[in-house]
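> Residue-level listing of the chains:
4 protein chains.
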Amino acid sequence: MENKRKPYQLVSREWKKENTIIKLKNTSIGGGNISLIAGPCAVENEDQIFTICEFLSKQNVKILRGGAYKPRTSPYSFQGLKKDGLILMRNAADKYGMSVITEVMDTNLVEEVYQYADILQVGTRNMQNYQLLRALSKIDKPVMLKRGMSSTMEEWLLAAEYILSGGNDKVMLCERGIRTFENATRNTLDLGIVPLLKSVSHLPVIVDPSQGTGLREIVVPMSMAAVLAGADGVMVEVHNQPEEALSDGDQSLYFDQFNDLVTKLKRTAKVLDKNLDLESEKILA
Amino acid sequence: MENKRKPYQLVSREWKKENTIIKLKNTSIGGGNISLIAGPCAVENEDQIFTICEFLSKQNVKILRGGAYKPRTSPYSFQGLKKDGLILMRNAADKYGMSVITEVMDTNLVEEVYQYADILQVGTRNMQNYQLLRALSKIDKPVMLKRGMSSTMEEWLLAAEYILSGGNDKVMLCERGIRTFENATRNTLDLGIVPLLKSVSHLPVIVDPSQGTGLREIVVPMSMAAVLAGADGVMVEVHNQPEEALSDGDQSLYFDQFNDLVTKLKRTAKVLDKNLDLESEKILA
Amino acid sequence: MENKRKPYQLVSREWKKENTIIKLKNTSIGGGNISLIAGPCAVENEDQIFTICEFLSKQNVKILRGGAYKPRTSPYSFQGLKKDGLILMRNAADKYGMSVITEVMDTNLVEEVYQYADILQVGTRNMQNYQLLRALSKIDKPVMLKRGMSSTMEEWLLAAEYILSGGNDKVMLCERGIRTFENATRNTLDLGIVPLLKSVSHLPVIVDPSQGTGLREIVVPMSMAAVLAGADGVMVEVHNQPEEALSDGDQSLYFDQFNDLVTKLKRTAKVLDKNLDLESEKILA
Amino acid sequence: MENKRKPYQLVSREWKKENTIIKLKNTSIGGGNISLIAGPCAVENEDQIFTICEFLSKQNVKILRGGAYKPRTSPYSFQGLKKDGLILMRNAADKYGMSVITEVMDTNLVEEVYQYADILQVGTRNMQNYQLLRALSKIDKPVMLKRGMSSTMEEWLLAAEYILSGGNDKVMLCERGIRTFENATRNTLDLGIVPLLKSVSHLPVIVDPSQGTGLREIVVPMSMAAVLAGADGVMVEVHNQPEEALSDGDQSLYFDQFNDLVTKLKRTAKVLDKNLDLESEKILA
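So the protein sequences, as listed, match chains Y, G, U and Z.
Residues 2 to 286 (my numbering) are what the first sequence spells out, left to right.
Residues 2 to 286 (my numbering) are what the second sequence spells out, left to right.
Residues 2 to 286 (my numbering) are what the third sequence spells out, left to right.
Residues 2 to 286 (my numbering) are what the fourth sequence spells out, left to right.
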């Protein structure tokens with residue numbers, strides 16, 4: 002689709018033709034099925050995370066998301082339960098047989114987060130934190146690299162290249178909206194970048210419509226749209242009591258909305274002859 | 002979804018609960034089916050437009066798009082066949098039983114374009130050309146209002162309000178991408194605005210992935226995504242010889258790509274229990 | 002500063018080395034002095050425009066700005082006094098020996114506005130209204146082309162090229178801020194484009210810090226900055242009662258702020274060995 | 002200028018009326034004079050940094066800038082001399098009696114950079130690296146916080162609030178351009194934010210027109226403009242051989258351009274009855 006010489010190599014389709022598949026203990030990402038990652042914005046307390054986790058397990062969700070260390074715009078906002086949050090999330094996930102994805106904010110935290118998470122997430126504010134990317138290039142667990150809020154596709158792929166060139170090829174990309182002048186939505190979800198990424202790179206692409214729009218009412222249609230745009234999965238925020246969430250309540254799905262999402266995504270995946278990962282009890286990989 | 006008092010009225014769901022349905026002689030827009038509007042960026046000559054029109058008619062496409070007066074960034078670029086282009090497009094559409102949509106660039110041209118078109122399009126550069134909007138508020142034919150390339154949703158709805166408040170309620174909105182820092186795609190197609198528009202307004206919403214991405218290879222997935230985002234239709238550019246097109250060749254579909262689009266959109270519409278308008282031989286309204 | 006072949010010609014320094022100087026009856030723009038254009042956002046009534054005009058004349062301001070036809074985002078906002086406003090502004094300017102600049106919104110209004118104005122302004126929403134640009138290319142009065150709110154420099158120069166290529170070389174450019182994610186200011190005033198424009202084009206460049214920032218408190222420093230960035234002039238909004246203005250009151254200077262502006266701009270211009278146009282009683286050209 | 006309750010406190014004018022003055026051993030920032038910070042994008046070798054430093058010392062420049070750890074978009078680009086670069090810069094600065102500012106990219110590097118630098122810079126990609134901000138809140142040396150490339154003023158001030166609320170009030174802000182659709186300049190230098198920042202906050206504000214524009218030819222006018230916009234200082238890139246620089250050569254000033262800058266900034270500062278810090282042999286604080 003592009004003829005000029007690309008500045009990235011290891012992440013490109015030219016380098017590796019076949020899709021990268023990231024295997025987890027209970028599922029895989031990028032292998033032809035649609036991954037559905039879900040959980041609260043932040044782990045708030047034991048009751049909350051176990052309640053949500055139990056609910057998700059009924060839908061057979063394979064991967065639990067949740068923030069323990071939270072990058073917050075204000076120093077006076079809730080900053081997460083930190084290590085306690087990691088432990089709670091790990092325990093909840095283990096009880097229900099799920100994998101854990103959570104954000105790592107700093108090189109100093111890589112070791113700690115590595116201990117509790119199955120996938121380490123780099124947040125939008127850290128997409129170009131190159132020391133962190135280098136540290137993550139030396140681990141043997143998968144990394145989800147969220148797009149910087151004003152990053153071009155090329156910068157994003159070059160950030161991924163930092164991880165691959167350091168030795169870790171278990172990288173997935175996550176589109177989570179970019180910053181524009183439009184303020185009716187929290188960010189502008191750039192679904193057009195998804196098929197373009199799939200064309201130029203072999204890495205799995207996940208879409209986060211919760212961050213990408215900031216409005217729970219449009220998370221379901223945007224999730225469906227993401228799948229047909231070619232995403233390998235969707236990551237959404239869900240909460241047992243969104244109106245009392247300590248962060249991002251406006252964009253968190255109610256339980257019944259999540260159930261509706263699952264039903265609709267199953268129908269949507271069929272258009273492409275795919276299934277949701279939660280449609281299988283067994284390891285898909 | 003929003004609590005604060007809105008500055009627009011006639012375009013809002015509060016003013017009118019039911020969806021606006023725009024009836025044409027051979028189909029309708031906004032009435033529950035998915036409209037597929039197609040044609041070349043610009044009418045170039047008799048052979049081109051009749052060839053394309055004949056092709057589209059085989060797929061039972063109801064609405065032909067094409068530019069006769071072309072707003073071009075450079076004064077030295079092809080500016081369209083003007084009135085000759087209008088006549089050619091009208092003749093081709095009439096031969097194959099299709100409706101015509103084409104752009105009107107100026108108040109002075111409203112009368113002329115009205116004579117040949119079934120839907121008058123306001124282009125992105127003219128979304129806030131208020132004299133033109135007022136002139137179009139006095140006609141009895143439908144208007145497609147494309148989003149300004151840096152317009153907020155509120156400004157867009159207020160532009161539509163100009164037309165409705167002047168007396169013409171046959172208005173449809175067209176998302177065609179906004180301008181951001183990302184240059185891998187021509188524009189950033191803002192699909193997130195589609196479900197939000199459908200929530201706050203009763204007007205039909207069309208998505209133009211050709212303008213919105215500028216890359217023919219991603220027009221098909223983005224069209225499918227648009228339908229699941231909630232769009233009432235999709236408008237795409239198609240050309241018999243894209244590589245020789247006088248304008249926007251890179252984003253024009255080849256005929257076989259268009260056929261693939263139709264097949265995939267039919268499957269996609271089913272997810273929402275909808276049909277494409279071209280699936281019916283009869284007037285749908 | 003740029004090596005690649007430019008898509009514009011007549012507006013370029015390659016085409017014409019010397020600066021374009023636009024002569025008015027009482028001053029000139031682009032001739033080495035700094036033009037100070039001032040007046041209300043909109044003409045509201047006879048008392049208002051004459052009061053402001055009398056005030057400005059005491060500072061020897063040469064060019065009166067004011068809106069008669071106002072492009073407003075909402076159809077329910079004050080739309081200007083239209084022809085009555087043009088007449089009032091002309092009369093006020095004539096009484097005090099000033100030139101008039103005002104916006105022309107549509108091809109149908111060119112003849113009328115031409116009759117009353119000395120400079121015809123194309124607003125930001127119409128920068129790519131090519132029919133209007135063509136109409137203005139056929140008149141013998143100067144045109145001020147405001148930058149589109151999301152236009153690149155190249156698009157802006159190509160819009161100017163429309164006017165020059167049609168036969169009118171009396172064109173000046175006006176930077177008025179672009180649209181970004183930053184909302185602490187109304188727009189982001191792009192002063193960096195000023196020296197670049199002066200390098201690649203021979204056309205005069207005016208800066209509008211009132212529109213560009215939306216905050217009267219920072220209009221004075223931004224005007225000074227504009228002059229040292231290389232602007233040929235500054236256009237500001239001033240009102241006798243900003244808090245009661247029918248439009249854009251927040252960005253209109255109080256009279257004492259305007260006097261402060263004049264004092265500071267005189268000092269600023271000296272840094273570049275220039276003078277304000279209002280420092281001369283005579284025609285400068 | 003704003004009435005609504007602000008989310009930041011310690012950085013605000015309401016909290017502290019008088020300007021914050023940051024004292025260094027040989028000068029001060031924010032104390033009424035204009036600071037001129039200069040040096041290469043990156044330290045490349047001993048000869049380069051000593052040559053540049055000797056040149057700058059002839060102009061009595063007080064603060065040397067230079068990168069040792071370089072955040073580069075591509076992992077394959079020159080990443081800086083790291084600790085060797087820090088040592089070279091420290092030695093060069095000590096020889097010529099200058100202070101050193103350089104970037105710290107990670108919490109793990111704070112201790113090392115602290116040892117060699119007088120001011121620790123947080124780069125645009127790390128503005129919201131909250132772990133790094135917290136680490137810097139615990140040191141007793143000044144911090145320059147560059148604006149994130151897509152940060153709002155509020156987010157920027159909240160990032161500064163992280164540092165102040167942790168105990169370090171020696172913070173200066175640096176505007177270095179934001180990301181927009183305009184690509185004629187590398188970034189869009191947002192000078193309008195400068196007077197607004199000075200109004201709402203007591204922190205010193207520095208402008209970086211080298212990063213902000215990417216074009217050396219417009220660095221001089223934009224530096225002058227920055228001073229009249231209200232900046233407390235300007236930081237520019239200068240190189241003995243820009244065309245052979247290992248990074249950012251296009252935006253680095255030639256020596257004679259730097260001399261011209263000094264001459265013009267002296268004249269500019271006089272407009273505001275200020276002096277450049279390099280006009281004094283003695284400690285200004």
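Hints listed in this document are in silico derivations from the structure and should not be mistaken for laboratory results.
Among the clues, some could well be false.
As the list claims (entries may be wrong) - In the DSSO-like style, the derived pairs of lysine-lysine whose C-alpha atoms are separated by at most 30 Å in a straight line are:
{"#": "1", "chain 1": "Z", "residue 1": "K265", "chain 2": "U", "residue 2": "K265"}
{"#": "2", "chain 1": "Z", "residue 1": "K265", "chain 2": "U", "residue 2": "K18"}
{"#": "3", "chain 1": "Z", "residue 1": "K265", "chain 2": "U", "residue 2": "K271"}
{"#": "4", "chain 1": "G", "residue 1": "K83", "chain 2": "Y", "residue 2": "K267"}
{"#": "5", "chain 1": "U", "residue 1": "K142", "chain 2": "G", "residue 2": "K83"}
{"#": "6", "chain 1": "U", "residue 1": "K7", "chain 2": "Y", "residue 2": "K7"}
{"#": "7", "chain 1": "Y", "residue 1": "K139", "chain 2": "Z", "residue 2": "K84"}
Stated by the list, open to error - Chain Z side only, calculated, beta carbon under 7 Å to chain U, not exhaustive:
{"#": "8", "residue": "I140"}
{"#": "9", "residue": "G168"}
{"#": "10", "residue": "L190"}
{"#": "11", "residue": "I219"}
{"#": "12", "residue": "V263"}
These numbers come from a predicted model, not from an experiment.
Glycine residues also receive a C-beta, built at the ideal position from the N, C-alpha and C atoms.
> Has the given pair, K83/G with K267/Y, been kept, meaning a C-alpha gap of at most 30 Å?
violated (48 Å)
> Against the 30 Å threshold, does the CA-CA distance of K7/U and K7/Y hold or violate the hint?
With a Cα-Cα distance of about 25 Å, the restraint between K7/U and K7/Y holds, given a limit of 30 Å.
> Please work out if K139/Y and K84/Z have their alpha carbons no farther apart than 30 Å.
holds (22 Å)
> Please verify whether K265/Z and K265/U have alpha carbons no more than 30 Å apart.
Holds. K265/Z to K265/U sits at ~17 Å (cutoff 30 Å).
> Between the alpha carbons of K142/U and K83/G, is the straight-line distance 30 Å or under?
holds (28 Å)
> Against chain U, run the beta carbon of V263/Z and see if the smallest gap drops under 7 Å.
violated (14 Å)
> Does the closest beta carbon of chain U sit nearer than 7 Å to the beta carbon of L190/Z?
This interface hint holds because 5 Å falls under the 7 Å limit.
> Please work out if K265/Z and K271/U have their alpha carbons no farther apart than 30 Å.
At roughly 12 Å apart (the allowed maximum being 30 Å), K271/U and K265/Z satisfy the hint.
> Regarding the pair K265/Z and K18/U, is the alpha-carbon distance no greater than 30 Å?
holds (25 Å)
> Does I219/Z hold up as a contact with chain U if the rule is Cβ-Cβ below 7 Å?
holds (4 Å)
> Let's test the interface hint: is any C-beta of chain U closer than 7 Å to that of G168/Z?
violated (27 Å)
> Does I140/Z pass the interface check with chain U, least Cβ-Cβ distance below 7 Å?
Violated, about 29 Å.
Checked against the numbered hints given earlier, this structure breaks hints 4, 8, 9, 12; the rest are met.
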